[in-house]
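> Chains as they are written, first to last, in the working numbering: chain A, 1 to 251; chain B, 1 to 412.
Hints listed in this document are in silico derivations from the structure and should not be mistaken for laboratory results.
All residues carry an ideal CB built from backbone N, CA and C; glycine is no exception.
Relax, there's no trap hidden among the hints.
Chain A regions said to be covered by chain B (calculated; three or more residues, Cβ under 8 Å):
id : stretch
1  : 72-85
2  : 154-160
3  : 164-175
Simulated coverage check for chain B against chain A, where a stretch passes if three residues somewhere in it have a Cβ under 8 Å from a Cβ of chain A:
id : stretch
4  : 16-26
5  : 84-92
6  : 95-101
7  : 364-372
Below are the chains, spelled out letter by letter.
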Amino acid sequence: MDIDRRQFLKQAGCTLLGGGVFISIGQFSPGIAKASQLPPLGTSTPVYGFVVNTFKCIGCGKCVEACKIENHVPVSCFRTWVERYLVTADGAVHVDSPDGGCNGFPPRDVPGIIKKAYFVPKLCNHCARPNCVQVCPVGATYVSPEGVVLVDEQHCVGCSYCVQACPYGARFINPVKKTADKCTWCYHRVKRGLTPACVLVCPAKARLFGNLNDPDSPLIKIFTKERVNVLKPDLGNEPRTSYVGLAEEVR
Amino acid sequence: MHEVITQGFLFPNEIEVHWSLMIVLYPYITGLVAGAFIVSSLYHVFGKHELKPVARFALIAAFCFLIFACTPLLFHLGHPERAFNIMFTPKFTSAMSGFGYIYTFYMIIVMLELWFMFRPYFVRMAQKGAGPRHHIVKEGNHDARFRPDILQTVRPVPAWKRALYSVLSLGVYDVSEASLHMDHKIITVLAAIGVPSACVLHGYVGFLFGSLKSNPWWSTPLMPIIFLLSAIVSGVAMLIVMYAFEMWRKGRPLDGACIQSMASYLWGFLIIDVVLELLELLCMAYEGEESWMTLANLISDKLLVSYVLVQFIICSTIPFVLLGLVSLTKLKDKTRNSFSIISAVLLLIQVFSMRWNVVIGGQLFSKSLRGFTSYNPEFYGREGVLVCILLFCMPFVCIYILNQFLPFWEEE
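Construct the complete structure from the given sequences, taking the supplied hints into account.
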């Protein structure tokens, strides 16, 4: 082939540039990261899931308290919390979560007649396509082989970018450790075969945790029998905390 | 710490504003870098000779602002001692991970350009003779024998200073015509690489915000462009103010063509910047998505003063009119200069309030879209007002120090 040096450099440059751009696009797509990180369903590796049944939650706040004790969560921060929704006859929605629901919910006066009232426990959604992992500049936030989104507090720089990127308000900067903090589904317990603290203490069985690869898991029964939904599905984060009876008012 | 006042419902972790005044200051300083560099490049790359009086100073200013561009981030980080993790273990899915590299690359470009620009001066100063103070005859006067007043005192360059200039010259003493010509070419190339780098440096800051789908106030593809244009506006405005101040200090007149040119650029960039921001707002309002009701409340209540009044009504409208007059009509020198300087000062406030409205504004409402929090920066704290003022003063201190060693203006 007849090719002079200038042409060669030109073509080599274009190839390198094109390849670089192609690889970068792949890097930036959280979808690709997802496929490579999680083991496929149906294998022996556990893939964890979490289901919140909003019909069952009684708003006692024991889950919030248990989480705080188990994970040493500072007073002003919440790895999990419970929201109370009061919908009046005129369609107005009144939401509150005093102290994250940690001390239960005192009666609340709202204008109008209350048509509907319910509680919604919230926690990290451990998204399959997590924004927080995508934006962490140092790779301190990552997805475990079981699909749990974790923070390496020895490596986190505390820039708060993940806090901004989480659409669910599930993250905070731990005022003691000065690093990002969030629900881990009690990973330290789960790895020992225990359930997360909030699941353990819930008197109403409103919180369920299990292995999606285990056919006997209570989660599998719920997914086959109930109609479940996730929070903000339009954002495309594919949360893996699912909700039974999720009302349209809940964000 | 001021008490946080909340309205409606916020997720419990949202009550505290995580990105504070430091994150307002960071894009502000970065913007000044990008803007000042682009003015310098308008002369070096695009041949806008009317900007020659400020071209060299613009680069110095860009350099000094660049040195301190990342200091607000260090004050903000929970673990500043781990700051270099961003370069050692970058995660390239994060826009932020590019910061260290973009910043370093840009710093190298600016430093190289500065070095080539001042190289002949370093050589001259390094080779200037030592010895006692002596007199030479001022240029153009030959009859000096009986006229001591036309003698100029020449102070010898102290040895330490000559050593400093020798070091700065990096041992390259070739100042032949051919070598200076080559320097000039290199400066042009560096400035040409610097223009896209400056755009990347600041466009990237806009991307940090614009790419977060979790926040409807930030999430728009226009964000990098708006950040870039406001950066240029702030950079040009800062140069006008600093140029006017320096000339006033030295008792020299302002270069009419230069001020006129900078004012015209400022007017042009201001128009595009404000139009884009208004278009973005219009699109959000017209589309009327679920988040719009919350954003409308944000604008009409929480950001009424800083966004509507300061950013648009006062600090955009007045400069638009004044700079329009400067650009389109023939004004007296003094009027033109006054209009330009007043506009520049107002635009510096406008861009700062824009940064505030984006960074703080985006954190004042809940992602549940049901409530608002408040933010009043503390005064003495690590991320407080005092630190912010001190950090913002540092580039000027740096410029002052550099001025002791380098001539900023052509006449020097």
